[in-house]
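Asker: Chains as they are written, first to last, in the working numbering: chain A, 8 to 443; chain B, 8 to 443; chain C, 8 to 443; chain D, 8 to 443.
No lab work stands behind these hints, which were simulated from the structure alone. Just to be clear, a hint being listed does not mean it is correct.
Pairs count within a copy or across copies, as identical chains cannot be separated in the list.
Said to hold, decoys possible - Keeping only pairs whose Cα atoms sit at most 20 angstroms apart, straight-line, the calculated EDC-like set for lysine to aspartate or glutamate is:
#: 1; residue 1: Lys426; residue 2: Asp269
#: 2; residue 1: Lys247; residue 2: Asp66
#: 3; residue 1: Lys263; residue 2: Asp82
#: 4; residue 1: Lys47; residue 2: Asp82
#: 5; residue 1: Lys418; residue 2: Glu182
#: 6; residue 1: Lys379; residue 2: Glu413
Protein chains: 4
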Amino acid sequence: WEGEFFPGIPKIKYEGPTSKNPLAYKWYNADEEILGKKMKDWMRFSVAYWHTFRGTGGDPFGAATKHWPWEDGTDSVAMAKRRMRANFEFLNKLGVEWWCFHDRDIAPDASTLEEANANLDEVVAVAKELQGTKIKPLWVTAQLFMHPRYMHGAATSSEVGVYAYAAAQVKKAMEVAHHLGAATYVFWGGREGYQSLLNTDMGRELDHMARFFQAAVAYKKKIGFNGTLLIEPKPQEPTKHQYDWDAATSANFLRKYGLIDDFKLNIECNHVTLSGHSCHHDLETARLNGILGSIDANTGDPQVGWDTDQFMTDIGEATMVMLSVVRNGGLAPGGFNFDAKLRRESTDVEDLFIAHISGMDTLARGLRNVAKLIEDGSLAELVRKRYQSFDTEIGALIEAGKADFEYLEEKALEWGEPKVPSGKQELAEMIFQSAL
Amino acid sequence: WEGEFFPGIPKIKYEGPTSKNPLAYKWYNADEEILGKKMKDWMRFSVAYWHTFRGTGGDPFGAATKHWPWEDGTDSVAMAKRRMRANFEFLNKLGVEWWCFHDRDIAPDASTLEEANANLDEVVAVAKELQGTKIKPLWVTAQLFMHPRYMHGAATSSEVGVYAYAAAQVKKAMEVAHHLGAATYVFWGGREGYQSLLNTDMGRELDHMARFFQAAVAYKKKIGFNGTLLIEPKPQEPTKHQYDWDAATSANFLRKYGLIDDFKLNIECNHVTLSGHSCHHDLETARLNGILGSIDANTGDPQVGWDTDQFMTDIGEATMVMLSVVRNGGLAPGGFNFDAKLRRESTDVEDLFIAHISGMDTLARGLRNVAKLIEDGSLAELVRKRYQSFDTEIGALIEAGKADFEYLEEKALEWGEPKVPSGKQELAEMIFQSAL
Amino acid sequence: WEGEFFPGIPKIKYEGPTSKNPLAYKWYNADEEILGKKMKDWMRFSVAYWHTFRGTGGDPFGAATKHWPWEDGTDSVAMAKRRMRANFEFLNKLGVEWWCFHDRDIAPDASTLEEANANLDEVVAVAKELQGTKIKPLWVTAQLFMHPRYMHGAATSSEVGVYAYAAAQVKKAMEVAHHLGAATYVFWGGREGYQSLLNTDMGRELDHMARFFQAAVAYKKKIGFNGTLLIEPKPQEPTKHQYDWDAATSANFLRKYGLIDDFKLNIECNHVTLSGHSCHHDLETARLNGILGSIDANTGDPQVGWDTDQFMTDIGEATMVMLSVVRNGGLAPGGFNFDAKLRRESTDVEDLFIAHISGMDTLARGLRNVAKLIEDGSLAELVRKRYQSFDTEIGALIEAGKADFEYLEEKALEWGEPKVPSGKQELAEMIFQSAL
Amino acid sequence: WEGEFFPGIPKIKYEGPTSKNPLAYKWYNADEEILGKKMKDWMRFSVAYWHTFRGTGGDPFGAATKHWPWEDGTDSVAMAKRRMRANFEFLNKLGVEWWCFHDRDIAPDASTLEEANANLDEVVAVAKELQGTKIKPLWVTAQLFMHPRYMHGAATSSEVGVYAYAAAQVKKAMEVAHHLGAATYVFWGGREGYQSLLNTDMGRELDHMARFFQAAVAYKKKIGFNGTLLIEPKPQEPTKHQYDWDAATSANFLRKYGLIDDFKLNIECNHVTLSGHSCHHDLETARLNGILGSIDANTGDPQVGWDTDQFMTDIGEATMVMLSVVRNGGLAPGGFNFDAKLRRESTDVEDLFIAHISGMDTLARGLRNVAKLIEDGSLAELVRKRYQSFDTEIGALIEAGKADFEYLEEKALEWGEPKVPSGKQELAEMIFQSAL
């Protein structure tokens, strides 16, 4: 493959909200300061290698639809290297400084672990060079779900040999992450769950998963990898039930097994909505548990019961997401990874750019809206006032754990029927919308 | 009211599976031993006062449909006492030894807390007498959701006065529980959640809830009440999001705030399915976290998105539920409370009996099925075999936390591609069904 | 009650998008022309009497929270008349020219039909006078779901006496609609469905419903009422399954029973999403079946499985809704009825205004966005181009039903493998968002 | 491939409910008479070629897991012929007389239609011979969703060339169906729907689909194929919205375009539950619209939002399904096709047998339960009594369309408040369960 991979596509520039150019940013202006930080430092956008460079458009009812011109139809190491060059041209044209991948996305799997590792090393070397000084992995992960050996799980497989294989694969992926200077390392347990409890020993599987994570923590320290370890919750699909169901479930697991200080969460919006919450809810749950680490920036279809991994285009949702990010003081070392894919029917090379630009602009617009909300101040004030009865002496006693039932009963009798003001939800919604 | 409340209804007896008598047990035989325990000791059935004696048939689109003959249309203390007598006749005719109630179900609320407490005391005295030596509350709880003062929550209300009022009400309800010899005390946080995160300070609300529970633990000890404290998870309704979403979420909350040793869970099947799990899943989750305390025996409609509180009639579901109960060694001091209501359109007095008999028989049939499964042994054997590769030296090392990534990689390289046998789910389902 | 009902609330005026005044329109400017019509003629906003004036804030777990100052706590005819005056002051202050009601909302029910009708007449006389020349009912309907007699349905009740009673009630409500100059008459079959198929003869019930509708058509003609008859689909709640599940189901019913020319649909967005579609989908389905008659303007919570009847505040959704309305050439004689209620926790009188203003502004903003999309033209052009292969001779043959399989096979063989261009969904989404 | 494909598997025999042999029928006894018909004539079981012989265990997150010993890893015509022999050995060992397939399941696709048709002819010739006199296709269909050409739909593709190609493919498949003596021909429009309405002209697409079906009806008549044409509804997946959403939606489409007399429906239980109904509901809806044609016998997971295509093992669900079948007088010329697949993790050859035996036994058990319910009679009697107020003179007038609103009002006034008896749902559930 000679020359450019995306010959007709220029470096994407910021042209502002009035631009009609699909290949320009209307809201994302990387170096513009918003709320005291450059937009790019708030966002830390990352391209997901698997969707953007390995996504085929296949689905359970249909074959591949994407046939990018640079692909030669093989799964060779040579092809993997060429594809990696396409990836870096893509990152550079978008102006994105982070990328994410599974081990098996970037280099061909093989019939032995040794050979697979060798393939990986070869491609990683190319990536390392192409990264230069400006680009790094936002996160790295091991693909522990595609290969049939993982059909019963990886760390939770009923087969000890699979557990060992998975450990070896994660070990290698962590080394690669370290080598490439990855900011974080992610665990998504796609097969860590069950299809039926009838043939499953859930207790034993959960114990195994904990042991696996403990070993990962130890190995990370051993090799001096400083990236945050992240768990990515998902309620189900491909399993009927995935053990890392949502943020709260994952937090409980981490607490139960003494891992709460060693892990944070990588929250994916589409996963969250599949678990019955708003994305904002699970971001807040993670934040309040001190474990909001990174975000997989995508969205689902509210009427669809599986992971559609769409690029987020809803301005309201993006604003809510950015509210959590701003409250968290940003996501670093995590960021926004576009775990999002083109629709199966979108088959033009330019669609890859359009989709990412749209996703980036949507979140950037969300950030600008949050800035407007903060500047306006009335939403925060509404919330502050709502709880002001606790900003009192007795409120302080309660919050300090010093108000027992007898004291509180005394107060209740003294005060009589409490006055309960309006919750003002419609006003809050009106203020919120006015910033969109 | 003179004489019997249910004049045409005899004491319900066990007549066996061939009986066609709607007013007889076909599967529940209280004193029969199954798996080493009397059925009644496995089941510990309880009648829910609010559904059975205070349920009106009203719904958001319709007025009351139930007009039991003993009701005089008032909410007086006299009526409350008469109704209590109906309750005990009902329990006695069913042969059930446990009952559950909210404070405000059994005695009229009032415009002051003092008066409400006085009403409660008067009715509790009657209940105490009617209980005699054989009947006790399975659990008691405070109704912290009906009164408009609780519209923003009780322990999580934005108003400090409401927090205090709720504390006073729980204090009293715990005293009543103690006085009546209740086996447990339940917290269902129907309003402890939010309608919108826009006007909510979730972090502060969760902290308040923890303080409230800590105070409850302290008060329980102070008065010498030995009943288990139980949290009843529910994902939503009436709130958009209830903080005690499911078993895992509740466990995380309890761990975060250091309450995990002081509380267990009261799992309600309909609540579980609304949160996206099977009832069996959440029972197992609670059990594996050491906090399976009691069960609210009901079921939902799989196509309906709200709490229908139906009596469970699905034999397969009942068998799965009983699997967890048997693994837990029973539920005592908890039990099975029928948090289940007649359909709005079921308006005959006998329907109250038919519904309870049906619910009791279904779970009893589930228990008998579990006994068959255990006797047959092939399902347990299938599961045991599935994990046998961990019943080895290296399996033991892993489970003891002594197998690090380097060791595991070595093993993986040594072993080559692992063999992964069939999961045999269809066989497991066939065996399971053969016991139904 | 003397003087104003809403003393602190001015006539609501348009102040434009930069206004921070909660009691002003930012997007809805009644007399401004958009796409060739005044905004008020596109929107035809209507206030729902039951939510705004009879909504109590009660829910299945809680008592009433709203205590409007003009209410005296009675359900008397005098109170009904006073409340009607509040309604008209509300309409006038909002600048809304339409209202909707059920018979039993506006006047007290009674123990006999004669008396209930007399109550209704008395209140209708007041309404008629207050309507003056500018205000009219967008629609009228009979409340056939609240009273316990309707617990098994109205037109589909298993009791012939209930069927007759419902007919009598609809007859009267149609007379009232005629008298007040209502634009349409609506049927919402809240109880026309089932809780269980085990005790239901669905075929017989559907036949009865058809007979009932046929009688309504006949009576409408007889009294010379020219308003459109509308069916309002809803999938479920309070029933497990409502016969008018969604637009397509309702259309099938109308076609099967020869009623398709006599009815249109009143589509409610929250009902639609509960049935698994986007609101826009069902609006388009109704439109393409020639039966888009009116809209109940509300929205649901995407994570909630029951009817929340919230005021729509999502700009994207509002824009999609308005796309259908504009394609339909407007909704007249139908319009946008706010079948939306304040949150239970919103208890200030001003919240009633804020909520309506917010809902009106959201839809008005949607209309403005549609105008932008139409002016821009690129979205319509994208769709036109996508289908242009049918704007050909063979396309015309197919669309005329003149291309048989043999001819098509011949073409397929002649043409070889067809080229299939990108669907450009992400570009479409980008264009759509740029108008928001 | 020499000799048997399933060497260890005997001809499956009926051994009765007490058998513990996984490879025996416990409830399905083909020649036993139930309710006046042989079980095999009620059931007309069919094996789905695509799941059983082409299912790979691949899912969106994982590669193939099934590697049947007779597969050589190629997609050659020779392999297709060998596989067909495995199919017939499977049918014979199960004792099943029907099979179903898509054109592309049984023979390799090719780069030209001519070549694909030639492949098909070659394999069909083998199938024809292997069918002998006892085995026939329950149905045949064309696979119009896998190939990327169909990514925008087949009959509803935006490309006229795809429409023609699809027509040619259906033409050929109908000829094959005719040649093999298929009982019916099925249309499942997996891609006939949309991913987004933003880039879709739904009206034009629906018109095209109708034209396509009209051409199919004409071609069927032309070639003298007498098999019923069937539409298989599904709400979504792979599309966000499939046009044949459910039974009612499909019926509306058929009525709108004058096709209601030319098509029936093939109802798939898992599709129905994804559309928000119980399977029984859609079977009844189809039956009441006169278009219940055949059943795809499978089930979904109640907590999962995609098509799991599991073998049905729920006895209650099977009994409800059989209730509809018995009311319909059977399904012939349709039947029960096992559109069900092994779990991805079930990889033993014997699992194929176990799964089918389990599915067949479950439905057979359902039929036996229906026979018990009918013999007992009390459920039917409960329903009959419930509607008996319509078995009267006025009921007859209403049902004949002769009771107008004036007459009904007169009756309502004459009768006063109607008595409304209990719906007895719990009793109905108790009776139903007693038959399981």
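Asker: Hint by hint, note whether the structure agrees.
Answerer: Status of each hint after checking the structure:
no. : hint              : in the structure
1   : Lys426 <-> Asp269 : neither (45 angstroms within a copy, 33 angstroms between copies)
2   : Lys247 <-> Asp66  : both (18 angstroms within a copy, 13 angstroms between copies)
3   : Lys263 <-> Asp82  : neither (42 angstroms within a copy, 47 angstroms between copies)
4   : Lys47 <-> Asp82   : neither (34 angstroms within a copy, 50 angstroms between copies)
5   : Lys418 <-> Glu182 : between (60 angstroms within a copy, 18 angstroms between copies)
6   : Lys379 <-> Glu413 : neither (46 angstroms within a copy, 52 angstroms between copies)
Comparing the model with each earlier hint shows violations of hints 1, 3, 4, 6; every other hint is respected.
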